[in-house]
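**Student:** Sequence:
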Amino acid sequence: MEDAAPDVNGRDVSLTRQSISSSIIEPKGLQFFIGLILNHMVLDDTPALDGIFRALSDPTRRAMLRSLTAREQNIGELAAPFDMSFAAASKHIRVLEAAGLVRRRVEGRSHICRIEPAPLKAADEWLRFYENYWLDRLDTLEAILRAEDEQKQGEPP
0 MEDAAPDVNG RDVSLTRQSI SSSIIEPKGL QFFIGLILNH MVLDDTPALD GIFRALSDPT
60 RRAMLRSLTA REQNIGELAA PFDMSFAAAS KHIRVLEAAG LVRRRVEGRS HICRIEPAPL
120 KAADEWLRFY ENYWLDRLDT LEAILRAEDE QKQGEPP
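Using numbering that gives the first Met the number 0, the letters of the sequence shown map in sequence onto residues 0 to 156.
Any given hint could be a false lead.
Derived CB-CB ranges, DEER-like [said to hold, decoys possible]:
#: 1; residue 1: T139; residue 2: E115; range: 37 to 43 Å
#: 2; residue 1: L144; residue 2: K90; range: 46 to 52 Å
#: 3; residue 1: S109; residue 2: N131; range: 42 to 48 Å
#: 4; residue 1: A86; residue 2: R61; range: 17 to 23 Å
#: 5; residue 1: A69; residue 2: L140; range: 38 to 44 Å
Read the hints as simulated data drawn from the structure, not as lab findings. From the three backbone atoms N, C-alpha and C, an ideal C-beta is built for every residue, glycine too.
Hey, can you work out the whole structure from these sequences and the hints?
**Tutor:** As structure tokens, this is what we get:
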């Protein structure tokens with residue numbers, strides 16, 4: 000059973016039962032096959048996560064976001080602790096808005112900002128995946144080290 004599947008460059012990337020099993024034996028084919036699957040899986044959440052992590056990468060934006068957890072604030076209030084201009088603070092807020100972490104509304108001449116914590120859930124889920132990965136690895140390492148210690152204690156000096 001063969002599915003014709005030319006890629007964007009016109010190369011034939013048809014998958015057959017034979018090509019899949021040979022890909023499992025031949026790492027080069029497997030890398031392409033896995034890459035094909037992973038690239039399709041990753042595309043959906045990447046832009047959102049990139050924006051969230053970009054927004055959180057700056058300490059000023061993190062502090063502004065933390066400040067907004069207490070209450071809504073205008074841009075002048077958010078800028079005050081950093082001794083920065085309205086324009087500079089507004090640029091930081093635009094990055095937070097683009098990531099979906101902040102909503103801004105205009106009341107007269109005042110720009111009022113409030114936190115939107117929902118997008119942080121995606122970042123938290125991404126980080127928890129790796130937290131669980133490393134916790135599992137550390138648990139395995141701990142078990143190995145304990146087994147070695149027990150083995151050494153059982154040996155005569």
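**Student:** For each hint given before, does the structure comply? Return the numbers of the non-compliant ones in rising order.
**Tutor:** none
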